[in-house]
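Participant: Sequence:
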Amino acid sequence: MILIVCFVIITSTPNTFAQDSPQWHLPEGAKARLGKGTIGEIAYSPDSTRLAVASSIGIWIYDAQTGEELDLFVGHTDWISSVAYSPDGNTLASGSWDNTVRLWDTHTGEHIQTLTGHTGRVNSIAYSPDG
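Sequential numbering from 148 applies to the sequence shown in this note's numbering.
No false leads were mixed into what you were given.
Cβ-Cβ distance ranges computed for the label pairs, FRET-style:
(1) H265 with P174: 36 to 44 Å
(2) D210 with T261: 24 to 32 Å
(3) D277 with P174: 38 to 46 Å
In case anyone wonders, no lab produced these hints; they're calculated from the structure. In this text the structure is predicted, and so the values were computed from the model without any measurement. Positions of the beta carbon are idealized from the N, C-alpha and C atoms, including for glycine.
Modelling step: build the complete structure from the supplied sequences, incorporating the hints.
Facilitator: Next up, the structure:
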């Protein structure tokens, strides 16, 4: 018995493929995210009920079970490269190429604080397990 595995890699410029390819044949139940910006990172909330999606537009918050769009956090002035939930799930941190980290209240969507002083792009962000 011979097993053949084939991988297809598609390369394109950011945003163009997703927004210029309306003829996808998505599996049943799959949802397209057209016009929502290029994705930088996705993070699950600690209780796994929400997804935070860092994009070139802002941070989209989705219900993890239904896929329903719940909120959009905006404020960064450049590409949002990373997102991380605090261990208690009450705060979301976002890192951006605008050299800032922003903190967001996950219940209200309110911007809490901007951490400045970075001399370069913020490419990755994480909380310690104890918050």
